[in-house]
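Q: As you go down the protein sequences, you meet chains G and L in turn.
Note that this note's numbering has the first sequence beginning at 1, numbered continuously upward.
Note that this note's numbering has the second sequence beginning at 1, numbered continuously upward.
Just so you know, these hints were derived from the structure itself, not from any lab.
Treat the hints with caution; some may be incorrect.
Computed footprint of chain G on chain L; a stretch qualifies when at least three of its residues, placed anywhere within it, have a C-beta under 8 Å from a C-beta of chain G [as the list claims (entries may be wrong)]:
| hint | segment |
| --- | --- |
| 1 | 27 to 39 |
| 2 | 166 to 175 |
| 3 | 199 to 211 |
Computed from a predicted structure; not experimentally measured.
Ideal placement from N, C-alpha and C gives every residue a C-beta, glycine not left out.
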Amino acid sequence: MAATTARPRPSRPARPAHPTPDSHSFPTRPYDLVKEFVFALLVVTVLTAVLAGLFSSPDEKAITMRTWAQAAPGDVVATAAGELAGTTTSATYGPPYNSAAEGQKLLGLPLQKWGGVRLPVDSQKLVLQPLAQVSGNPALTAALTQWTAASKAQQTAWATSYSDALAKAPGGQPGQVPPGDYGPVPAIAAGFLTLARTGGLEGALTSSGNFYGGDQTRALLLLSDGAYLEDTARAQQLGGDQWGMMNETGNYPGQPWMWLYTFWYQVKPFSTSENADALVWGLMMVLTLGLMFLPFIPGLRSIPRWIPVHRLIWRDYYRRHPRRT
Amino acid sequence: MTAEYGKAAGAVGGGRNWTVGLRNRLSTLVPPGQLLPDRQPVYVASWIYVFGVLTLSALVVALLSGAWLAVGGVAWWHVSSLGRFANSLHLWSVELFFAFMVIHLWGKFWMAAWRGKRALTWITGVIAFVTSIGTAFTGYLSQSNFDAQWISTQAKDGLNSIGFGAWFNVLNPGQMLLWHVVLLPFVVGVLTVVHLLQVRRHGVVPPLDAEAGD
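Model the full assembly from the supplied sequences, consistent with the hints where possible.
A: In structure tokens:
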């Protein structure tokens, strides 16, 4: 056992407002901080390498518009019709993408609305803009011309009728839709499916005239407007009500530090509230502030004194100083 | 000696010399010999104390493995077995980082380690924890794979609901990647330095009800 030495008491008088004594006034023993850090770094490096070598890391390929079109063509057509009708999630979302809704509120405060429409997305353009770049398809060009020439009300009526008919068709198959007054919408949706199958849809959505692209906002909104992305995720237990926010693909730990945030989505009133996201965020901000300022919160700051786990941590000290227990 | 010099120089400058003021401030941040101490109080005798330095070590491994990933670019690790290993190192170092940090946090809670003017140490630790969650989250968004697609499209609703999504667009992987590799690591790094300086400044919190000299 290393010899201990007592440091001289501080010359200034004790301050009753802070009964915790100065740590530098206690007996000490030799300590090598640098050696401790180097050893810890070596241990963690080796442990990390072993875990990486044994378990690797998940990397499930991103869903492309082509794989979406091949796996769920009916979903692509329904999504395209929904974008034209203005009925998809993104079309009715509100800020920051559009003004179709006010969005969620927290204690009556429209924080989502206050954020503003800073990332404007026109849901119809998610379909029409890529198709406008297609050449060599006279039927599609004629359909787009007919769509553009129609009134807004007529466009909505066509697209809504076709969306409703698709929803009722067996298996949601476009080929099973009965004849109706759908205008050019079936041709536009079919052209959209063809474009997706070619693999050219991502580039048309992300570049927006910029060679480098880099912003996937519109492509991701379109993809999440369909059912395929969510179906794929739910099949891997990644849904919001499946604790999915803290999970990732495969048998990996994911983000377990998100457990509390994820937990609230599993229980009422959050699981059934239209303002669930705002409520959970508000609650988590309050809890985080509580944790941050815990040293100043009467009662909470005394829990370690009431539940004496500290006697285990400092059991050697309390054994030597039984009067302190 | 340095302090004496500082006072003298400050007097010459009329007390408004910024350099002298900063130097004096830095020289008094940590008591002499406590920045890299070679002795520690005898009551520091528990495995729980190891988790602070383990957290710091895991952070270093996460930064180094992240830097290795950055060298190869965004998509490198999808097509290279070496890149995949680098990504795996990054993933597991982050998992260990959080595991160590949470144990460290709980340990400090049960010690009531904010006592004795150590509230700022606790606060910087909590902010570093929360900022680390944000850093890890942006990492998941920067993977350019299915996880990134799903997590981003789900997370946007939470951020948009409080208006934050208008400025912090999780559907923009370019923006998220820069937050992940530059902005948030910088904040975590600064918080870590401040946290460590606070620890060295005040020393390790004594046991509850301990008296000086025990």
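Q: Quick check: the segment 27 to 39 of chain L, covered by chain G? Criterion 3+ residues, Cβ under 8 Å.
A: holds (count 6)
Q: Are there three or more residues in the segment 199 to 211 of chain L whose C-beta lies within less than 8 Å of some C-beta in chain G?
A: holds (count 10)
Q: Quick check: do three or more residues in the segment 166 to 175 of chain L have a beta carbon closer than 8 Å to a beta carbon of chain G?
A: Per the Cβ count (8), the hint holds.
Figure legend: structure checked against the earlier numbered hints; every hint is met.
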